[in-house]
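Note that the protein sequences, when read in sequence, are chains A and B.
Counting in our numbering, the first sequence runs from -14 upward without gaps.
Counting in our numbering, the second sequence runs from -14 upward without gaps.
One should not assume that every hint holds.
[Unchecked claim] Here are the in silico distance ranges between beta carbons for each label pair:
#  : chain 1 : residue 1 : chain 2 : residue 2 : range
1  : B       : Ala54     : A       : Gly369    : 29 to 37 Å
2  : B       : Glu359    : A       : Ala55     : 47 to 55 Å
3  : A       : Thr57     : B       : Asn(-11)  : 57 to 65 Å
4  : B       : Arg278    : A       : Arg278    : 26 to 34 Å
5  : A       : Met79     : B       : Asn(-11)  : 26 to 34 Å
6  : B       : Glu273    : A       : Arg18     : 52 to 60 Å
7  : B       : Asp321    : A       : Ala280    : 22 to 30 Å
8  : B       : Phe90     : A       : Asp321    : 54 to 62 Å
9  : A       : Thr232    : B       : Glu273    : 55 to 63 Å
10 : B       : Arg368    : A       : Asn17     : 27 to 35 Å
11 : B       : Phe90     : A       : Ala349    : 53 to 61 Å
12 : B       : Asn339    : A       : Phe90     : 40 to 48 Å
13 : A       : Glu10     : B       : Asn203    : 39 to 47 Å
14 : A       : Ala110    : B       : Ser370    : 53 to 61 Å
Please keep in mind that the hints were generated in silico from the structure rather than gathered at the bench.
Computed from a predicted model, the values in this text were never measured in an experiment.
Where is the CB? At the ideal position from N, CA and C, for every residue including glycine.
There are 2 protein chains.
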Amino acid sequence: MPVNLSAPASGSLLPIRGIQLGVAEAHVRKANRKDLMVMVLPEGATVAGVFTQNRFCAAPVTLCREFLAAGTPIRALVVNTGNANAGTGEDGLMRARRVCEALAFELQCEPEEILPFSTGVIMEALPVDRIFLNLPTCIETLAEDAWALAAETIMTTDIVPKGLSRQVTIDGKTVTVTGIAKGSGMIHPNMATMLGYIATDAAVPQPLLQRMLGEIANVSFNRVTVDGDTSTNDSFILIAAGTAGVTVDSETAPGYAALYGALREVAVFLAQALARDGEGATKFVTIEVEGGRDAAECLKVGKAIAHSPLIKTALFASDPNLGRLLAAIGNAGIADLDVNGVRLWLGPVLVAENGGRHPDYAEADAAAVMKKAEITIRVDLGRGSAHETLWTCDFSYDYVKINAEYRS
Amino acid sequence: MPVNLSAPASGSLLPIRGIQLGVAEAHVRKANRKDLMVMVLPEGATVAGVFTQNRFCAAPVTLCREFLAAGTPIRALVVNTGNANAGTGEDGLMRARRVCEALAFELQCEPEEILPFSTGVIMEALPVDRIFLNLPTCIETLAEDAWALAAETIMTTDIVPKGLSRQVTIDGKTVTVTGIAKGSGMIHPNMATMLGYIATDAAVPQPLLQRMLGEIANVSFNRVTVDGDTSTNDSFILIAAGTAGVTVDSETAPGYAALYGALREVAVFLAQALARDGEGATKFVTIEVEGGRDAAECLKVGKAIAHSPLIKTALFASDPNLGRLLAAIGNAGIADLDVNGVRLWLGPVLVAENGGRHPDYAEADAAAVMKKAEITIRVDLGRGSAHETLWTCDFSYDYVKINAEYRS
């Protein structure tokens, strides 16, 4: 079960004026579940996106990049689960274009004004016929207060829907930020099979929105990892609807800090939610690496810990296995690391220094930390002032079960 | 259970004249199991070693490096299981030195003539008293035909002992090569908690022996990975006893190719045995990457596949999950990889090309390959002529179980 994470409380996901969401059961892969979502944007909305770095990126990612680069205003987004339309070559691109065309026909706009997203099994042909047949249902059900329904619709192996709203006051006016995401397995820095959509009713010029998105992705979704794999379909989209009567048009604008803070808070919540609901997760783990010469080496150490199956199984077992932690640090690829300068904490407990256990180390103290559902592992590399934070989860029997049986 | 691997048949591990092995139950960590092994070398033997790249290397590794670098002849090796004497700081170094002193006293030699090895739990103080008390038993039981007993003694979570002998004829004389190894979890290119000892009765000058060892490690132990973690204690030792009346003193010597071939064959067998007996392994997987611009990028792709928990769980499930394979290839860090030039085979079946499934792909064919206990995944990157081979195993429920419960 997800670690300290539940579905958004009823009514807690606030509408963003002008943005409407509709869903349908299209039977893309499984019957009797919502698997198709359309989000229609108001005229004048700006949209920014960041996408997977995987060289095998999915067809819809290719189209999103193409359409955003062209600078055409975006009129709507369409998301299906059950099928990722990835590893599908030219045929996959054609199918993704056909979905855009079908929705453009419904909305009486151009296909290039539609951003498509897919998540699910890879290398299977997208069943466009079932998507076509059910787009009208999405259109019919369009509503501004359907964010919770949308969060549920985009789930794959997620156990709970993920969403959060925040409000800030800018120029005496209320500005709302609402975000939803899906994740579960294959979550990794530089993203993974995650889809994230955050919208605000403030107006933000597209270039500024893109810069904000890049910065926010780097401290949220790019800092979470479940198993080190990066998916073909990761997409994180930021939308400024421009319907609140508030414009933030530069980093020095009076409302910038407040808006940025709200967007960041929602993004960090959603990113952490991915790890809390990682496949089979029983622990939510924060890894803080400080005292590095630069951010890159802090991240190396953080990832070495976050990706180690030996550490992840020890976390599952609530075992304060210091040796595996030190081995991962030693193994992170910092060639001139002086291990005698490294200090390691589990929660508040200083467990290792000078190349070995802290003299006062008592396993009971460390075991008490490890028994908790939320664990912080802190490393001081003792060689600089850079620091980075990553979030991850443990590896349980259920991780193997979910991933061994995913396609069956 | 190990994949197509059983303990060496009785009598199949051939003695190396002049090398004697003795074992004892020292109760380093658990009672009633052999956990201490001494190997005494004949005068004139040469010894070469390669060791873990982990910055947190264990105390015995530090001493081995120091003693080998000093060039003193090596008189004996001492190996304990149950405790790795790693992450133990200055105290650990002192304890490792004391073990060398104790054995040197028994053998009437200098402590610097003893190479110490430890494997087992990390960050616990080595119980030197129990080792001291049981070294005499090792000495009393010294025998030339005790390689099988030694292979059994050095095991930790290994299910079967690992050993192989080969004989070649050089200058009309029989030259024997015998090797043993232990591994199981934490096996990784650049080594892991693996100990490997290969000996021959040929005479080889130390500098040449060291070069041979480096080359052989690179095509054997450095090509096997279970979970991507690298241990603090990895050691691979090559011994030339010089008792066969045959000397191989250069790469151009008449017997070089035969000796190198036999050493390499034993090393590759032992390296593959580590993956066959990987923790919880149910599949033995060979990953062949060809068509790369250089070896480095072939290895990147091979490791991306070998380390992906999503692929390893799919292997466990016998699921031909092509998408996870393509995603791992796309994710290997080759920035300019043209995915349309990549081809992928499962066993003999060409399953993917041109960025998607092969047109003739039939899942039944791929499923038949995946059902086998030994699976070959072959990738052609289509951009050069470099190729590399790696060996790994799958991730099963038992991997989680073994590693979650290791210390309990």
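Within 27 to 35 Å or not, the Cβ separation of B/Arg368 and A/Asn17? violated (46 Å)
Verdict for B/Glu273, A/Arg18 (Cβ pair) under range 52 to 60 Å: Hint violated: Cβ distance 40 Å, outside 52 to 60 Å.
Given the range 26 to 34 Å, decide if the beta-carbon distance of A/Met79 to B/Asn(-11) lies inside it. violated (45 Å)
State, for the Cβ atoms of B/Ala54 and A/Gly369, whether the hinted interval 29 to 37 Å holds or is violated. holds (31 Å)
Just to be sure I understand the hint, the distance between the Cβ atoms of B/Arg278 and A/Arg278 should be within 26 to 34 Å; is that true here? holds (31 Å)
Verify the CB-CB distance for B/Asp321 and A/Ala280 against the hinted window 22 to 30 Å. holds (25 Å)
Take the C-beta atom of B/Phe90 and the C-beta atom of A/Ala349, compute their distance, and say whether it sits inside 53 to 61 Å. Violated, at about 38 Å.
Supplied distance hint 40 to 48 Å, evaluated on CB atoms of B/Asn339 and A/Phe90: violated (30 Å)
Range first: 55 to 63 Å. Now tell me if the beta carbons of A/Thr232 and B/Glu273 are that far apart. Cβ of A/Thr232 to Cβ of B/Glu273: about 57 Å, so the range 55 to 63 Å holds.
Per the hint of 57 to 65 Å, is the separation of the Cβ atoms of A/Thr57 and B/Asn(-11) within bounds? holds (58 Å)
Take the C-beta atom of B/Phe90 and the C-beta atom of A/Asp321, compute their distance, and say whether it sits inside 54 to 62 Å. violated (38 Å)
Taking the CB of A/Ala110 and the CB of B/Ser370, does the distance hold inside 53 to 61 Å? violated (34 Å)
Checked against the numbered hints listed earlier, the structure breaks hints 5, 6, 8, 10, 11, 12, 13 and 14; every other hint is satisfied.
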